[in-house]
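What follows is each chain in one-letter form.
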Amino acid sequence: MSKQAIFHPGALEERDGVLVQMGNQCVGCGRTSYPAVELCPFCSSEQLKKVPLSATGKLFSFCVTRVPVGPYKPPIIGGYIDLHEGTRVFGQIHARVEDVKTGMKLKRETGVIWTEKDGTEVLGYFYVPCGGEQ
Amino acid sequence: MRNSVYVLGIGQTIFGRHDSLTVNDLGATAVLAAVKDAQIAPKALEVGYCGTINSPPTPAQSILHRIGVDRIPMYTVENACASGSSAVHLLHENIALGACEIGIAFGVESLSAFNRKFGKGLLVIEGDLQGKLALTMPSFFAMICNRLMEERGATIEDICYPSVKNHRAGLTNPFSQYKKAVTVEEIMASPMIADPITVLQCCPQSDGAAAIVLCSEAFFKKHNRKGHRAPVRIAGSVISVSGAEDASFDPLALKAMIDGAREACEMASVDAAKDINVVEMHDAFSGEELAAYEMLGLCRPGEGIALARSGAVELGGRCPVNPSGGLLSMGHPLGASGVRVVNDVVRQLWGEAGANQVEGAKVGMAQMLGGVLTGVESPVVAGIQILTR
Chain A
748 MSKQAIFHPG
758 ALEERDGVLV
768 QMGNQCVGCG
778 RTSYPAVELC
788 PFCSSEQLKK
798 VPLSATGKLF
808 SFCVTRVPVG
818 PYKPPIIGGY
828 IDLHEGTRVF
838 GQIHARVEDV
848 KTGMKLKRET
858 GVIWTEKDGT
868 EVLGYFYVPC
878 GGEQ
Chain B
6 MRNSVYVLGI
16 GQTIFGRHDS
26 LTVNDLGATA
36 VLAAVKDAQI
46 APKALEVGYC
56 GTINSPPTPA
66 QSILHRIGVD
76 RIPMYTVENA
86 CASGSSAVHL
96 LHENIALGAC
106 EIGIAFGVES
116 LSAFNRKFGK
126 GLLVIEGDLQ
136 GKLALTMPSF
146 FAMICNRLME
156 ERGATIEDIC
166 YPSVKNHRAG
176 LTNPFSQYKK
186 AVTVEEIMAS
196 PMIADPITVL
206 QCCPQSDGAA
216 AIVLCSEAFF
226 KKHNRKGHRA
236 PVRIAGSVIS
246 VSGAEDASFD
256 PLALKAMIDG
266 AREACEMASV
276 DAAKDINVVE
286 MHDAFSGEEL
296 AAYEMLGLCR
306 PGEGIALARS
316 GAVELGGRCP
326 VNPSGGLLSM
336 GHPLGASGVR
346 VVNDVVRQLW
356 GEAGANQVEG
366 AKVGMAQMLG
376 GVLTGVESPV
386 VAGIQILTR
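Taken in order, these protein sequences are the chains called A and B.
Counted from 1, the first sequence has number 841 at position 94 by our numbering; the numbering is strictly sequential.
Counted from 1, the second sequence has number 176 at position 171 by our numbering; the numbering is strictly sequential.
These aren't lab readings, by the way, just hints derived from the structure by calculation.
Interface residues of chain B toward chain A, partial, derived using beta-carbon atoms under 10 Å:
id : residue
1  : F146
2  : M197
3  : V381
On a predicted model such as this, the values are computed, not experimentally measured, just so you know.
C-beta: ideal position from N, C-alpha, C; glycine also.
Let the hints inform the model, and build the full structure from the sequences given.
And the structure:
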């Protein structure tokens, strides 16, 4: 089996055999931030609770990049996804360009997002359409 | 109590591809030009600030030593595309608060050197989560363009308008990197980068440097040898930084830019919508300029497209924006641009902008914006200066 790595430290954690995005929910102001950092980025509170982010959200806005970026080949669809807890997450959208619309409902999936030259599979998250507008 | 801060001299290289020149070569040309324009001895300088993003260490010292300036405090400041604005701001603060009488702020960048080191292509912020997922500057601003079309009723013609206008202005600016007019059809026929942003809606990568000498009122009265020039002051200067981002954030109402512009105008006792005669700003992408009109306060929220369509932001209009040709024509040597926009406003207030002169300009705004980071309202920093005569 080839070597595997998570694309960004702390961005994903394994829970019951699956990878999930873990954010920090602030006990002080109630907001959930992602990725988790030292203190609440909104109110500086130290009282933080690690929580899994919602697996679905609504596409706030997106862009289609037509040139290669790092390991990715165009077209690269990227977008900001708003989760019901109020967190905005950036991610790539795996779908046909013509099917992506502002306001559509998306579901998070995880998997290999690129492979390093030494064969290491880099694991990350991306979003796929899951039917209709929210 | 803040002291008045005056502009004594400006200088710059022409921005463009200067493959054979180092950051220090470029910087030395600009600082020497500014010192000569100010007609002061280089040794008179009491402090130096250099704005840059990707230069080798200690460019402030390396560059100022070449004109015999030594043994004074020197600093290099990095603040994304507002690096040059930050250098000007820090020098302004030093003089305004009475810490010194005269100093130099400059900005420098060699994208040629950067590309030799890191390879060409779209830049992502190293180590940033969003960067690892391919969020680039054009892709971020493509979302702003999409929002302008969805929320403000902008058309592709509106999105291309600043590029058409600024390329036209570049034709008659002796300092511009590009001297070529473009039509909406040519813009949209150029290669697509991130829908709807095509190559001709993006500023070029450039090498270059710009410098400005600022001084106190007392120093100005004693040493200004250019009596034919109207005294020009930096009457307001703000570096405005954004905060944590959540789903309530609206990229068409960037708080850092709105607050920065408002605070700088308040500092200068200026009403942005009435008093500003000229703006030089960060038009890295055509649609970015279109989105900025309302955030800078040139019109009411939601009326930026109407302002553009009215012709108010062209030469001859109520408030020309980027009469120099902007980053789109002038080029964008990252750290240098924040100083260059201030210099171009100064040129306008001195009446030295030649064919691109805004007749009777008395109040101008220089703006820069930069940085895209995970979890932070992007762009992350705005630099605003208000100049008056």
